[in-house]
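Colleague: Sequence:
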Amino acid sequence: MNDMAATPATITGQAQTYDVATSRHVVAASLLAWLLDACDFFIVLFTLDDVARSFHVSLQSILLAPTLTLLTRPIGAFLCGHAADRYGRKPVMITTIIVYSAIEILSAFAPNLAIFLLLRALFGVALGGEWGVGTSLIMESIPPSWRGTASGILQAGYPAGYLLASLVFLLLPFVGWRGLFILGGSALLAAVYIWLRVPESPEWLRRRHDQTARATKPPSLWFIVRNNAALCVFAITLMTAFNFMSHGSQDLYPKIFLGLERHLPHPSITLIVVLYNIAAIVGGLFFGVLSQKISRQYSIALAALLTLPFLPLWALSHSPFWLAVGAVCIQFCVQGAWGVVPAYLSELSPASVRATFPGLAYQCGNLIAASNALLQTALAAWFGTGLAPAMMFTVGTAATMVLTLILLNARLYGRYRPIQ
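Mapping to the working numbering: the sequence shown position 251 is 802, numbers consecutive.
Treat the hints loosely; a few may be bogus.
Said to hold, decoys possible - Think about it this way: if two alpha-carbon atoms lie no more than 20 angstroms apart in a straight line, the pair counts; the simulated SDA-like pairs of lysine to any residue are:
1) K806 x A665
2) K806 x T788
3) K806 x W773
4) K806 x F593
5) K806 x F597
What the hints assert, rightly or not - Just the calculated beta-carbon pair ranges, DEER-fashion:
6) L859 x L811: 45 to 51 angstroms
7) S696 x H814: 22 to 28 angstroms
8) T618 x F725: 27 to 33 angstroms
9) S696 x D761: 22 to 28 angstroms
10) R604 x T928: 20 to 26 angstroms
11) V726 x V784: 29 to 35 angstroms
12) A780 x V608: 30 to 36 angstroms
13) P816 x S922: 28 to 34 angstroms
14) V784 x T763: 48 to 54 angstroms
15) L756 x A932: 23 to 29 angstroms
16) T618 x L959: 41 to 47 angstroms
17) A932 x T618: 48 to 54 angstroms
For the record, the hints were derived by calculation from the structure and aren't laboratory data. For every residue, glycine included, the Cβ atom is placed at its ideal position computed from N, Cα and C.
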């Protein structure tokens with residue numbers, strides 16, 4: 552499909568002309584795919600106790616479902632990313648969306664716990680693959696002047712998916728947990744949208760044409776890793792800190808901290824969750840746009856730095872008002888830093904593995920940070936003063952690591968050219 556024939560508006564950047572309408576479709580499609588992907592993941596978290604009762608198992612047993620999803624995400628990042636680098640962004644992204652939508656629907660008909668857990672492990676593969684492929688498609692298909700804003704928009708899909716799942720969860724009394732999973736399969740609409748309105752990445756097409764004309768093969772992933780070892784270690788370490796910063800500020804905060812330790816009623820917790828997710832969306836957009844003006848690394852550094860002074864307000868407050876203010880400020884900064892990540896990792900990535908490198912770095916960091924809840928509860932027991940000091944320590948340390956790594960790499964970022 553050629554949108555340029557219907558919409559003459561174009562933008563020129565780096566010796567390439569970008570069709571405005573097509574670029575908008577790419578941004579919208581990538582956002583929709585990531586938003587619905589996140590929504591499907593959070594639906595599982597919201598219905599764990601209902602699924603456990605349905606299968607007549609303990610809650611501890613069903614907690615294996617999100618754990619398996621997290622463990623298999625790096626596998627998906629590698630498999631889907633490698634396929635997208637070899638066969639194109641568009642077909643792999645469509646396939647990934649169809650797969651995770653089908654798995655979400657099949658999960659609704661799981662007859663027992665074993666089948667359900669197997670499906671959630673497979674869902675993790677698709678979940679892990681979507682982000683990296685979507686990031687490469689969007690960053691290669693839009694003008695360079697749009698990348699910061701598009702990065703913030705793309706990453707805003709995660710908290711937006713959280714909000715959507717919260718709204719869908721209100722239907723639980725009417726359709727049950729199985730009905731919610733079937734509704735989650737509506738993510739197929741994103742695949743249809745991409746098939747109809749989104750073209751293949753022009754940069755991937757150009758690179759594949761050059762390789763065909765020269766009769767050369769793209770370099771292997773191992774060649775890229777071997778010759779960019781420092782970059783790979785840096786990216787995984789950075790994304791580990793990013794994930795500890797995000798999970799450390801979210802995983803135990805609503806139910807355990809606000810509910811059990813601060814004894815807030817459910818309506819107050821819900822309101823705070825809604826408010827800080829809105830702040831997360833705004834923060835991602837704000838720092839994404841800012842990164843276009845002051846550079847990616849300094850925008851991330853600023854967001855990480857601003858996180859630190861808000862930690863006491865976020866964790867040591869007792870009134871619902873100040874807890875809400877603290878949560879809003881923290882998520883604005885934490886997810887603000889995340890809003891720059893798609894553009895930052897994409898621009899650091901070697902072009903020939905741009906669908907593999909960002910997603911794999913992200914998911915490997917996420918895998919390491921999966922220990923966050925256990926770490927925070929262990930620190931809370933060691934401190935003997937509840938979760939507040941443990942959360943402050945975890946998020947504060949992670950934000951400091953992000954700030955330090957970004958600033959140490961700032962000069963290298965400006966002149967680094969990965970081996971292609």
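Colleague: Next step is simple, just say for each hint if it's right about the structure.
Modeller: These are the hints, each one checked on the structure:
1. Note on K806 and A665: the hinted pairing is violated, with a Cα-Cα distance of about 27 angstroms set against a maximum of 20 angstroms.
2. Restraint check for K806 and T788: the C-alpha separation of about 29 angstroms exceeds 20 angstroms, so the hint is violated.
3. Between K806 and W773 the CA atoms are separated by roughly 43 angstroms; this puts the pair beyond 20 angstroms, and the hint is violated.
4. Among the hinted pairs, K806 with F593 is consistent with the structure: their alpha-carbon atoms are about 14 angstroms apart, no more than 20 angstroms.
5. For a cut-off of 20 angstroms, the pair hint linking K806 to F597 stands: about 11 angstroms separates their Cα positions.
6. The supplied range of 45 to 51 angstroms is broken by L859 and L811, whose beta-carbon atoms lie about 26 angstroms from each other.
7. At roughly 49 angstroms, the beta-carbon separation of S696 and H814 lies outside the given 22 to 28 angstroms, and the hint is violated.
8. The beta-carbon spacing between T618 and F725, approximately 29 angstroms, falls within the hinted interval of 27 to 33 angstroms.
9. Remark: the range hint 22 to 28 angstroms for S696 to D761 is upheld by a beta-carbon distance near 25 angstroms.
10. Between R604 and T928, the C-beta spacing of about 24 angstroms keeps the proposed range 20 to 26 angstroms intact.
11. Checking the proposed 29 to 35 angstroms range against V726 and V784 shows it is violated: the Cβ atoms sit about 46 angstroms from each other.
12. Distance hint for A780 and V608: a CB-CB separation of about 44 angstroms, inconsistent with the stated range 30 to 36 angstroms.
13. About 31 angstroms separates the C-beta atoms of P816 and S922, a value consistent with the hinted range of 28 to 34 angstroms.
14. Remark: the range hint 48 to 54 angstroms for V784 to T763 is contradicted by a beta-carbon distance near 33 angstroms.
15. Take L756 and A932: their Cβ atoms lie about 55 angstroms apart, and the range 23 to 29 angstroms is violated.
16. Our hint of 41 to 47 angstroms for T618 and L959 is violated, since their Cβ atoms are close to 33 angstroms apart.
17. For A932 and T618, the Cβ-Cβ distance of about 21 angstroms falls outside the hinted range of 48 to 54 angstroms, so the restraint is violated.
Hints 1, 2, 3, 6, 7, 11, 12, 14, 15, 16 and 17, counting from the list given before, are not met by this structure.
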